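> So the sequences go chain by chain: A and B.
In terms of our numbering, the first sequence opens at residue 569 and continues consecutively.
In terms of our numbering, the second sequence opens at residue 569 and continues consecutively.
Calculated directly from the structure, the hints in this document are not laboratory data.
The structure displayed is predicted, hence computed values, not measured ones.
Beta carbons: idealized from backbone N, C-alpha and C, even for Gly.
Errors might be hidden in some of the hints.
Below are the EDC-like pairs computed for lysine to aspartate or glutamate, each with C-alpha atoms no more than 20 Å apart in a straight line [unchecked claim]:
#1 B:K760 / B:E692
#2 B:K840 / A:E692
#3 A:K591 / B:E692
#4 B:K591 / A:E601
#5 B:K604 / A:E670
#6 A:K666 / B:D653
#7 A:K666 / B:E692
#8 B:K591 / A:E622
#9 B:K604 / A:E668
#10 B:K840 / A:E670
#11 A:K651 / B:E670
Chain B side only, calculated, beta carbon under 10 Å to chain A, not exhaustive [to be verified]:
#12 T585
#13 V588
#14 F660
#15 M737
#16 P759
#17 K760
The lines below spell out each chain.
2 protein chains.
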Amino acid sequence: MNPRRTVFYLSDRTGITAEVLGKTLLTQFPTVEFRKRVIPFIDTPDKANATLEEINGTARQESQRPIVISTLINDEVRWIIEKSDALCLDLFEGFIGKLEGELGLQSSHALGLTHGIGNATAYERRMGAVNYALGHDDGISASHYTEADVILIGVSRSGKTPTCLYLAMQYGILAANCPLTADDFDRMALPKGLVPHRARLYGLTISAERLTKIRNERRPNSQYAAIETCRSEIRAAEDLFQRLNIPYIDTSTMSIEEIAVTVLHKTGMASKL
Amino acid sequence: MNPRRTVFYLSDRTGITAEVLGKTLLTQFPTVEFRKRVIPFIDTPDKANATLEEINGTARQESQRPIVISTLINDEVRWIIEKSDALCLDLFEGFIGKLEGELGLQSSHALGLTHGIGNATAYERRMGAVNYALGHDDGISASHYTEADVILIGVSRSGKTPTCLYLAMQYGILAANCPLTADDFDRMALPKGLVPHRARLYGLTISAERLTKIRNERRPNSQYAAIETCRSEIRAAEDLFQRLNIPYIDTSTMSIEEIAVTVLHKTGMASKL
Chain A
569 MNPRRTVFYL
579 SDRTGITAEV
589 LGKTLLTQFP
599 TVEFRKRVIP
609 FIDTPDKANA
619 TLEEINGTAR
629 QESQRPIVIS
639 TLINDEVRWI
649 IEKSDALCLD
659 LFEGFIGKLE
669 GELGLQSSHA
679 LGLTHGIGNA
689 TAYERRMGAV
699 NYALGHDDGI
709 SASHYTEADV
719 ILIGVSRSGK
729 TPTCLYLAMQ
739 YGILAANCPL
749 TADDFDRMAL
759 PKGLVPHRAR
769 LYGLTISAER
779 LTKIRNERRP
789 NSQYAAIETC
799 RSEIRAAEDL
809 FQRLNIPYID
819 TSTMSIEEIA
829 VTVLHKTGMA
839 SKL
Chain B
569 MNPRRTVFYL
579 SDRTGITAEV
589 LGKTLLTQFP
599 TVEFRKRVIP
609 FIDTPDKANA
619 TLEEINGTAR
629 QESQRPIVIS
639 TLINDEVRWI
649 IEKSDALCLD
659 LFEGFIGKLE
669 GELGLQSSHA
679 LGLTHGIGNA
689 TAYERRMGAV
699 NYALGHDDGI
709 SASHYTEADV
719 ILIGVSRSGK
729 TPTCLYLAMQ
739 YGILAANCPL
749 TADDFDRMAL
759 PKGLVPHRAR
769 LYGLTISAER
779 LTKIRNERRP
789 NSQYAAIETC
799 RSEIRAAEDL
809 FQRLNIPYID
819 TSTMSIEEIA
829 VTVLHKTGMA
839 SKL
């Protein structure tokens, strides 16, 4: 039987940072079955005390201490949580002191700057980018391609749409996307609307095996999903990328986060963020 | 003049965790101007050595040591980076040792589990949820509301669409959304398609001041964006929520991340993730 352990993700605010941090750490222990409990918005001593009791209750019930992964900026709240019968790993406790020493400054102890609205301009840019991605998905409208930071192209279901949304939401990148279809492959040329924007095109490709699987979920046993269709479309798309010198990546084993970061770095957009 | 400092975000993989971690830490020093340099996919000693030289070059040029925030799982790569003339804050260095002690296990040192495809089922659930959100945005289709985990309702531009996309992308939640319009307010009743799904509705409201600002960016000086229109629509929407006992939150000062986490927790969906 695998060992089990309860993990508490605690935060003054959303808890998103604590969860990202914790996930990265805990994936390093694949044999342990972690039971997750997320408690966000612990911003008063009362809430901290209620959480403390829940942690201690879990410790008693399971006869082993839980793991607490937290981003608690409020000292008073953190001191209460640290009294719990748990292994407490706090992001601030661990690193803020070192940064204060290095910078010769006190930290501001301000809450909610990371996943709050924070910098309003940056936030509005991200929301604008989400609207842009929605309005320029799947070749819907070529009218504002001049505004695009990047235009993803590739066969249907190669990962263009979710990658655009991720680039928009996380980085405020104006990302459009346009499918390559049979008509383009017959002519072995780009869709007309894309020609003036060639420098901002980025290709996504994928293995035929993965594509047929994804397409079959959408339209089972269709010509669209057949392995032969997938193979010939992918071959034509890659030929087109190579012939026109359009950079491209194989997304077969990549998550949208990995595709997004790779595109950001290969295009040089990352250095402008 | 504000102090300036260069920050390197380094990772074996995407660097997303390092950046989230770093942002949270650095927002605590608002008077410092941080120049950011992200280097992902440092997965060989050669790449580590090239990065080391860049860090040391920056230290010489700026006559002060940079800050390195990293998630380096590969020990060899991390040891190289740690030799640099920088304040090195590594997530693994700091926490993995404590977890190994607590769990009585060695960490697996496996790369790329957090933002990679990782658990294929969970990844496909998230991608399916993104498609669902796109297909059930803005009341487009009421045909699959029975599958929805949650249906966000509110006046136009209250934050429904980006929140649904965020819930889908990060958590694999099936989130639909439907606008409340003049017709609904005249009848003071829900859109017909929503009536059978009342238990899964969640309302978003917003201040008239913020709404008029957002709408004016979209359609400047329109009746749609006028403060009076915003005020009366919001009042009617809130009346409807209260009359029908539909839970709702005010999104005026919240980011989509905060709205998403709040909805997750208030609806109890968080405990099922």
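> Name the hints, by number, that the structure is in violation of.
Structure breaks hints 1, 2, 4, 7, 8, 10, 16 and 17.
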